[in-house]
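Take the sequences, apply the hints, and build the full model.
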Amino acid sequence: MKTLITILSLFFVVNSFAQEENIKNHSHSRALIPLKYYKQKFKKPLTQKDSLNFVYRDNDTLVVIENYKPKGIRVPYKYKDSTFLDAYTKVAFTYSNDSLKNKTVMKYWKDDVSIFFSKSIPKKTKKDFMVFANSLVNKIDSLNINVVKHVEDSNYIIYNSGDFEYESRMVNNKESEYYMYWNGKNQIYKTTIKIITSVNFNEKTKLIAMKKLFFQSLGNFTFNNELECINYFSGCFNENSTVSNFDMELLKYHYSYGICKGTNYETFMEQHKKAKDILKNKNVRIGFLHQD
Amino acid sequence: MDTTLVKIDSSQLSFLKGFSLLDNKNLVKRYKWHAFRHYKNRNITQIIGPLVIFIDSDLPKNVKSEFIKFIKDIPKINNLSFAFTNDFEKANYFIDVMDNEVSSYPYEEKLELSEAEIKDITFSEMTYKFYANNDHKLLSCHFKISRSIINDDLFLIKLKKGFFRSLGNFFESKYAPKESILYNKPILETKYITDYDIMMLKYHYQHLYDFKVDSEIFDSLIILRKKIIK
Numbered sequence: 001m002k003t004l005i006t007i008l009s010l011f012f013v014v015n016s017f018a019q020e021e022n023i024k025n026h027s028h029s030r031a032l033i034p035l036k037y038y039k040q041k042f043k044k045p046l047t048q049k050d051s052l053n054f055v056y057r058d059n060d061t062l063v064v065i066e067n068y069k070p071k072g073i074r075v076p077y078k079y080k081d082s083t084f085l086d087a088y089t090k091v092a093f094t095y096s097n098d099s100l101k102n103k104t105v106m107k108y109w110k111d112d113v114s115i116f117f118s119k120s121i122p123k124k125t126k127k128d129f130m131v132f133a134n135s136l137v138n139k140i141d142s143l144n145i146n147v148v149k150h151v152e153d154s155n156y157i158i159y160n161s162g163d164f165e166y167e168s169r170m171v172n173n174k175e176s177e178y179y180m181y182w183n184g185k186n187q188i189y190k191t192t193i194k195i196i197t198s199v200n201f202n203e204k205t206k207l208i209a210m211k212k213l214f215f216q217s218l219g220n221f222t223f224n225n226e227l228e229c230i231n232y233f234s235g236c237f238n239e240n241s242t243v244s245n246f247d248m249e250l251l252k253y254h255y256s257y258g259i260c261k262g263t264n265y266e267t268f269m270e271q272h273k274k275a276k277d278i279l280k281n282k283n284v285r286i287g288f289l290h291q292d
Numbered sequence: 001m002d003t004t005l006v007k008i009d010s011s012q013l014s015f016l017k018g019f020s021l022l023d024n025k026n027l028v029k030r031y032k033w034h035a036f037r038h039y040k041n042r043n044i045t046q047i048i049g050p051l052v053i054f055i056d057s058d059l060p061k062n063v064k065s066e067f068i069k070f071i072k073d074i075p076k077i078n079n080l081s082f083a084f085t086n087d088f089e090k091a092n093y094f095i096d097v098m099d100n101e102v103s104s105y106p107y108e109e110k111l112e113l114s115e116a117e118i119k120d121i122t123f124s125e126m127t128y129k130f131y132a133n134n135d136h137k138l139l140s141c142h143f144k145i146s147r148s149i150i151n152d153d154l155f156l157i158k159l160k161k162g163f164f165r166s167l168g169n170f171f172e173s174k175y176a177p178k179e180s181i182l183y184n185k186p187i188l189e190t191k192y193i194t195d196y197d198i199m200m201l202k203y204h205y206q207h208l209y210d211f212k213v214d215s216e217i218f219d220s221l222i223i224l225r226k227k228i229i230k
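Quick mapping for you: the protein sequence lines, in order, are chains H and Z.
For what it's worth, the numbering used here labels the leading residue of the first sequence as 1, then goes sequentially.
For what it's worth, the numbering used here labels the leading residue of the second sequence as 1, then goes sequentially.
A hint or two may mislead.
As the list claims (entries may be wrong) - Quick list of the computed label-pair ranges, beta carbon to beta carbon: (1) H/Phe164 x Z/Ile228: 55 to 63 Å; (2) H/Asn183 x Z/Tyr196: 57 to 65 Å; (3) H/Lys119 x Z/Ile118: 35 to 43 Å; (4) Z/Ile228 x H/Asp111: 49 to 57 Å; (5) H/Glu152 x Z/Asp73: 50 to 58 Å; (6) H/Lys280 x Z/Ser220: 35 to 43 Å; (7) H/Asp111 x Z/Tyr39: 44 to 52 Å; (8) H/Pro122 x Z/Ile217: 40 to 48 Å; (9) H/Glu152 x Z/Lys212: 49 to 57 Å; (10) H/Lys119 x Z/Ser20: 53 to 61 Å.
Rather than coming from a laboratory, the hints here were simulated on the basis of the structure.
All C-beta atoms in this analysis are idealised placements derived from N, C-alpha and C, irrespective of residue type, glycine included.
So, in C-alpha cells, the structure goes:
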C-alpha cells in the first residue's frame, strides 16, 4: 500500500524541480504531479482544463497545479552509495532466501518510546538495558525513549513468562520474541517483548535477549550475516556486544528524514534511482516533504 | 565512512591450512554423520566462550561428582573450555532437574515409545534448549532433566551422553564405537570419554566459523583444503 507519506514525498520530488523552472517564468508556485498520485491524493475528477494542461515527461503524465503551497518540512535527499544501500535494505526490509521482496515495508517509530518493565525485572537488569537502549537512541535526533512507571503510560512493555500476560498474542510463545503494531503509515506505535525464562534462564541471558529484541524492534530489522561480526546488525551478538559505528550509520539513516519513510522496497529503490538521476543529470538535489 | 560488507573470502579460509583432520576420509565421514546426519539444511552450531556450568543441587551427589569428573577429564580442545559455578547468575549452561516430565519427544510421540526404547534413547526423559545468535553461535543452554529418572541405573550415562551431544548438537550413531559417548545406546561400558569422542570434538571446534556451515559447505571446505595443500 502506498502510504500518504509516500505520496506526499513523491509530490515534493516532482514539485521541487518544477519550481526550479517556474521561478524564471511565473510569479506564482506551480506543481507537477504524476497522474496516478494526483488521483490518490485529491480524489476528485480532473477538469477539461486539467487535461489540456497535462505535461508528458519521462513516460509520466503530469498534472499541473497552480498556487500549490505544501505544508510540512522539506528535507534534502540524503545521498548514500550502492554498497551502503545494499546493507541498509537488507536490514530494513524483509530479506530472506537471498532476496528482497518488493512489497516488504520499512517500519519506524514516530512517537517517543515509553518503556514499562514488569515487576519481575530486577533494577540492575533494567539499568543495564537502559544503558544499551540509550546508546542506540541518543545519537538519533528523531527518536527518544523514556521509562514509565504505569503500564497505561507506555507504548513498549517488557515482561517475563510467568508475569501477567501483557500481550495475549504471545501467550503460547516458546522463544523470547517481540510483538509489534504499526499503523497505515508503517509507524510503529506499540511493541511488547516477552522473555521466555526457561530459555533465557538467568538475568545475564535475559539481558542479552532483551537487548537483541529491542535493537530489532527499532525498525523491525532483519539481521544481515553478510556484515562483519563487529556489527550488531550482523546478528553475531553476544553478552559483550556493543554497537559499531556502522550500526549507528544504518540506524541514523533509518531515522533520517532525507529518505522517504514507511515505504516498501520497490518505492524506496525507485525514489533513490530518481533522486540520483536528477542529482547526476541536473545537478539538483531533490527533497522529501514530510507532513507528519 | 567505509561500508563493511563481507562474503566468504580467502582470508576467512586461511584456517584450512592447519585443518589436517580434514584429510582423514574415514573420520570425516563419521564426523559428518554426527554433525549433520543426512540433513542438508542443518548448520554447525558452536558454543562461544567458556562454558560456565551451574548444576542443580537436586542432582544426586554421587551423580554430580561423577559428572563433574567426566567433564574435567575432557582434554584441552581448541576453542572449547569448561568451568563450574555456584553463582547461578554467572552461568551460561544450566543443568536443571525439573518436577514436570521433559523429553525431546513431543508428548504424543513419547507415548508411542516402548519401555525398551525409552531406556535406550538418551533424550527420552531429558532435553536441552539453546539460545543462539543469528550466526549459529550458542550463547547459553538450558539442559532439562525429568526428576523421575535421576535415580535410574542408566541416568549418569545418559547425562554424560546428553551433555556431550549438546556440545556440538551431535547425533548418535550405531556406527560409532560401542564405548563411545556417541554410540546410539546407553550401555554400561560407556564410562569415559573415548579418543573417538575427542576427535569428534576436535573436528567441531578446530575453528569457530564466522559463516554458516552446512554439509554442502563443509564438503567445499574439504575440497578447498586439498587445493590449498597441493
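To see whether the hints hold, each was checked on the structure:
Evaluation of the 55 to 63 Å hint for H/Phe164 and Z/Ile228 yields a pass: the beta carbon distance comes to about 58 Å. Take H/Asn183 and Z/Tyr196: their Cβ atoms lie about 59 Å apart, and the range 57 to 65 Å holds. Distance hint check for H/Lys119 and Z/Ile118: the Cβ-Cβ separation is about 41 Å, which falls inside the suggested range of 35 to 43 Å. Evaluation of the 49 to 57 Å hint for Z/Ile228 and H/Asp111 yields a pass: the beta carbon distance comes to about 55 Å.
Between H/Glu152 and Z/Asp73 the CB atoms are about 57 Å apart, so this pair conforms to the stated range of 50 to 58 Å. Restraint check, H/Lys280 to Z/Ser220: a C-beta distance of roughly 41 Å satisfies the suggested window 35 to 43 Å. At roughly 45 Å, the beta carbons of H/Asp111 and Z/Tyr39 sit within the given window of 44 to 52 Å. Separated by about 42 Å at the C-beta atoms, H/Pro122 and Z/Ile217 satisfy the suggested range of 40 to 48 Å.
The given range of 49 to 57 Å is broken by H/Glu152 and Z/Lys212, whose C-beta atoms sit roughly 44 Å from each other. Separation of H/Lys119 from Z/Ser20 is about 56 Å and conforms to the stated range, judged on CB atoms against 53 to 61 Å.
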